[in-house]
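**Student:** Starting from the known structure of chain D, arrange chain E on it as the hints suggest.
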Amino acid sequence: MEKNPDTSRKQNTHSDKIFKLAATVAGSFVLVIIVLMVFQLISESYPIWEESGLSFIIGTDWNAVEGRESFGALPYIAGTLVTAALAMAIGVPLSIGIAMFISDAPAKIGGPLGFLVELLAAVPSIIYGLWGLLVFRLYFQEWVEKPLHDLFGDSIFLFSGTPFGLDLITASVILAIMIIPTVSSVSREIMKAVPQQQREAAYMLGATKWEMFKLAVFPYSKTGLIGASILGLGRAVGETMAVTMLIGNATGISAFPSSFFKPSQTMSSIIANEFVEASPASLHLPALIGVALILLLIAIVINVVAHVLVTRMMKVKEGAINN
Amino acid sequence: MSTTNEKRQEYRALFKNNVKKRLVVDKIVHIIIFAFVIIAIIPLASILVEVFKNGISAISYEFLTAIPGSIGSGEGGIGPAIQGTLIIIGLASLMGVPIGVMSGIFLAELGDNKLARNVRFFNDVFMEFPSIVLGIFAFLVIVLILGHFSVWAGAFALALIMFPIVARTTEESLKMVPITYREAGTALGLKKWVITFRIVISAAKSGMITGILLSVSRIGGETAPLIMTILGSSQFFSSMDVPMDALPLRIWRLSLLPYESSQLQGWGAALVLILVIIGINMAVRYHFANGNGIIMRFIKQGVSTKR
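Sequence order for the protein chains is D and E.
According to the working numbering, the stretch in the first sequence is residues 1 to 323, in order.
According to the working numbering, the stretch in the second sequence is residues 1 to 307, in order.
Excised from the complex, chain D in its bound form:
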């Protein structure tokens, strides 16, 4: 009686130890990869930091010709931030509108609509890019850009330039379209997490539907909705292909986003465009890797903030159900 459990425990510990070790190693893999990635990017981009130092971040020249090399990433950082901000400004209200509509519509309409939106979250960005380049650009140029340019082109600097379709605003609108499925499906989940009693209480006070959202849903899901939007921001910042195909791919100072109708460049698109041609021997490759490092750091900050907010919201929800 005494002996048997002992031996079996010994066997247990032996094979279970291997199992636990394997699982722990696999689990820690993600941490190792993140550390390794940041380390690799820093060490491989070291030459450019050594050469230009801080002027790599605040510089605006971009010249890869041998002998006259100079690299400044500011236009691309600005391009990324401006396109992402514009995409948020357009996409987030639309997404939250869709989430409100779906969460409140009868199941017959809300179900298929939610399904369509989630399906579109699965469409690869290259297809958004293809559609943007071959279909959307032409309509957008004809119906939005040209009228705006004719109206304000001379007076407001934002609308100066030639409305050619391959520019900052087209890329931003495509980004907005791309983040709508993500943001609206997360927002819908968060609005669903608001307890039904809250809505009923608001209705009982005589609130209209809009007042119900204002009184019961928004205060309750504020954190989560902000988190969902920031998640969309993270996606917009890292998005590559569709932007590369539509932003016009200017380089250097001319890529600085000063007008809606000007070709520009983002961090991810300059990498996609120039990475394969960059020679490892020159400063070009370290410069591009430096851009990638900046992009990664921005993405990490955005995503950490978003996840902290979303998880806090979800914790609130669990607490509400338990109590």
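Check each hint, because a few of them may be wrong.
Per the computed footprint, the stretches of chain D lying under chain E, defined by three or more beta-carbons under 8 Å from a beta-carbon of chain E, are [claimed, not checked]:
1. 49-56
2. 95-101
3. 250-260
DEER-style ranges, computed between Cβ atoms [what the hints assert, rightly or not]:
4. K192/D x N118/E: 25 to 33 Å
5. I58/D x F237/E: 39 to 47 Å
6. Q197/D x E10/E: 29 to 37 Å
Since the hints were made in silico from the structure, they are not lab data.
Glycine included, C-beta positions come from ideal geometry on N, C-alpha and C.
**Tutor:** Relative to the frame of chain D, chain E by itself:
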């Protein structure tokens, strides 16, 4: 009753005024929200319609199997791209799925400590990393060291995108298995890993397969990390050490050519890609979520024979 008739009239008027304003605001918001939905749905629906409309005319047997013809001729097809996408998805799954599943097991079964909480958090953060940065990482650790473009590098980059998704869905579906299953295993004197692999996983299988298929559909459309790892080519697969083609890369190259025939081929390739990805997604959602589809029934039978 102390309220006189006049007072009642007054209250009614106040109430009507108040309600009228609020109802008007409500109506306006309704219209705005509805307009938002329409504005957002038009482009999203247009994407699907355009891809199907333009792509269908490009599809033929030759288009699906032949190598690309000379640029702008409109001949040839996307055979190498389809083959390359299948190869790279297979290789990435070989690397990504085991790590993802083990990591998910770690989170679900041993995940009650500080390390696991950190892993869970950074797993979620890692899932949203820009894929192009993962491509650069694969380039630095594989392509730069080997000195040539390599299929392994592409597969590694895609595996990095894949494993956090698999890990998260595995964790979620393992957590759905009732604790009594594990207790029953422990009562039989089974070891922890036997319980996990034989009992818990076979009960959580459908959720795990869902996660794996969703991650496959995600990496199938990834383009950015492939640019700097497998580069793209117009020949069929010959060795792991030379550039290879993939569907998203082919779509990118075709769409940038100024010829109508190339763009038509691009639509055709996009249709093939979208059919595969949306096909996987639809199948997963329909069959696994409802619990009464063909795959689900099959899995249920599999589980019930084992019990």
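**Student:** Tell me whether the statement that chain E covers the stretch 49-56 of chain D is true, taking a Cβ distance below 8 Å and needing three residues at minimum.
**Tutor:** It is violated, with 0 qualifying residues against the three required.
**Student:** Has the stretch 250-260 of chain D got at least three residues whose CB is nearer than 8 Å to a CB belonging to chain E?
**Tutor:** Since three or more residues must qualify, the claim that chain E covers the stretch 250-260 of chain D is violated, with 0 doing so at under 8 Å.
**Student:** Holds or violated: the 39 to 47 Å window for the beta-carbon distance between I58/D and F237/E?
**Tutor:** Once the Cβ atoms are compared, 45 Å apart, the range 39 to 47 Å for F237/E and I58/D holds.
**Student:** Holds or violated: the 25 to 33 Å window for the beta-carbon distance between K192/D and N118/E?
**Tutor:** Roughly 29 Å apart at Cβ, these two residues keep to the hinted range, so it holds.
**Student:** In this structure, is the beta-carbon distance linking Q197/D and E10/E contained in 29 to 37 Å?
**Tutor:** Given range 29 to 37 Å: holds, Cβ gap about 35 Å.
**Student:** How does the coverage statement for the stretch 95-101 of chain D fare against chain E, requiring three or more residues with Cβ below 8 Å from a Cβ of that chain?
**Tutor:** Contact hint for the stretch 95-101 of chain D vs chain E: holds, 5 residues under 8 Å.
The earlier numbered hints that this structure contradicts are 1 and 3.
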